[in-house]
Amino acid sequence: MPKVKIDGFEIEVPDGTTILQAARMIGGDIVPPAMCYYSSLKGSGSKCRTCMVKVTKGSDKDPRPMPKLVTSCQTMVMDGMEVANTSSEEVLKARAGVVEFLLLNHPLDCPICDQAGECHLQDLAYEHGASGTRYEFERRTFEKIDIGPYIKLHMTRCILCYRCVYVANQLTENRVHGILNRGDHAEISTFIEKAIDNEFSGNMIDVCPVGALTDRTFRFKSRVWFLNPMDAHRDCPTCSGNAVVWMYGNEIFRVTGRKDQYGEVHEFICNTCRFEKKAVSDWHIEGPRNIDRHSVIAQGHYGQKALTVR
Amino acid sequence: MQLTNRSVQVVNKKMTFMERIYLPAIFKGMATTLRHFFMRPATVRYPEVKREFAPVYRGWHVLKRDEQGRENCTACGLCAVACPAEAITMVAEERQKGEEHLYREEKYAATYEINMLRCIFCGLCEEACPKEAIFLTDRIVPADYARNGFIFGKDMLVEGTTPDKRVDVSVRQKHVQEKKWAAEGVKS
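Order-wise, the sequence lines are chains A and B.
The numbering of the first sequence is numbering that gives the first Met the number 0, which starts it at 0 and goes up by one.
The numbering of the second sequence is numbering that gives the first Met the number 0, which starts it at 0 and goes up by one.
Hints may be right or wrong, so weigh each one.
What the hints assert, rightly or not - What follows is a list of derived Cβ distance ranges for each label pair: (1) Asn289/A <-> Phe120/B: 33 to 43 Å; (2) Asp154/B <-> Pro287/A: 29 to 39 Å; (3) Phe8/A <-> Arg117/B: 42 to 52 Å; (4) Thr171/A <-> Gln172/B: 28 to 38 Å; (5) Lys178/B <-> Ile178/A: 21 to 31 Å; (6) Asp143/B <-> Arg139/A: 47 to 57 Å; (7) Gln172/B <-> Ile178/A: 16 to 26 Å; (8) Tyr247/A <-> Asp154/B: 43 to 53 Å.
Unchecked claim - Covered, in the sense of this in silico footprint (three residues per stretch, anywhere, with C-beta under 8 Å from a C-beta of chain A), are these stretches of chain B: (9) 0 to 7; (10) 91 to 99.
If you're looking for bench data, these hints aren't it; they were derived computationally from the structure.
Quick reminder that beta carbons are idealized off the backbone N, C-alpha and C, glycines included.
Bound conformation, chain A alone:
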């Protein structure tokens, strides 16, 4: 069992744990942000470079520091490894640079985007980015495409994290979308305007860290912070049926999977649950979902449990 020290916090983790996973076991502010890594998707990670950390001591056997910053989602911990995340000036500077790169072509259309309020890129840019850009060229733009009857693709907003590709690969039998071209020309597309009609395709929306893939049935219906997220379940023959329904009064505006504190869904839900069951009678509503009180989604939720004062 290797012991690793991250920003001064020591933890013993099983073999084969990555630095990011170890940091998540410790929790708190020292967890590096991740835009492309998704713990339940095999092969995800190391695309976005936001989770880069500095390894100041390789291991007990080889205490030399690693020469460059490493992606914490891919690097395994070694016994005696010492990692600096927020305590390292270099990491923060590099991360600010990564954010600037991610935002090069990202349109600043948050007031329009349905993801605003639960967007990882928003959080990341707010915490780590600079308020301005140095980019002087025209941003690349794409037309919006309807991929299938339920999903809208805004390629302009995409940061090429590949999560939607992995989720289609690992959750469904045949994937009909992928990333075409390379480098600056890379874009997500379906094979010759083929519609995505798989029963689990809606999970692409949940895994998308930005607003590139959005729910067409929820398009411009409301803003996430006006809705009340409620834990709910239903007897579903295809999926677990555990979901979050986003309610406004007595109306269900949208249904999503249950995201954990890192924005990851562990029980993927099917399209029937997500897009077709929007009556309150379809669901057994368990109660209000626990939302971090710093999140904009938690504003104005008077019905939530009061904090106990010790």
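Given the coordinates of chain A, assemble chain B onto it according to the supplied hints.
Just chain B now, with coordinates in the frame of chain A:
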């Protein structure tokens, strides 16, 4: 026992002759009244005469259009979330093909309502607005007999397209911008 130090002992003092005839007190009161005839009145004859407002007065809101007459508001909901009185509600809709001359962005507010009875005219909505769409103006919200009349929809808020119906908010705009810069620590 004395509970407070403000209690006063009651005295049933006999009034003097001058006090009993009351006339001196009446003349004294009349003199005060008469003096006020020649003083400058504290009120103005609204609406014929209007007081001069502060250049950054916060009154009746306006939803601005851009130079081409398209509505700036995209119904992002930031004003509603910033509103401490929860006076603002809106319903968004997607802009259709052929409506590009009406709305600036692909989403617009189909309905936009401010409850003027709830509004406290704090100006947080205009500070929150990322699109320079909402501003408070120096117009006074008119009185009304019914409560329904105070829920202002888009017909009462959006400015007109013709030049004479435009609402000038340049002073307010500058003021809001300076406030935003101050919050960000930018020197103007």
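To see whether the hints hold, each was checked on the structure:
| no. | hint | result |
| --- | --- | --- |
| 1 | Asn289/A <-> Phe120/B: 33 to 43 Å | 36 Å, holds |
| 2 | Asp154/B <-> Pro287/A: 29 to 39 Å | 37 Å, holds |
| 3 | Phe8/A <-> Arg117/B: 42 to 52 Å | 47 Å, holds |
| 4 | Thr171/A <-> Gln172/B: 28 to 38 Å | 51 Å, violated |
| 5 | Lys178/B <-> Ile178/A: 21 to 31 Å | 44 Å, violated |
| 6 | Asp143/B <-> Arg139/A: 47 to 57 Å | 52 Å, holds |
| 7 | Gln172/B <-> Ile178/A: 16 to 26 Å | 43 Å, violated |
| 8 | Tyr247/A <-> Asp154/B: 43 to 53 Å | 25 Å, violated |
| 9 | 0 to 7 | violated (count 0) |
| 10 | 91 to 99 | holds (count 3) |
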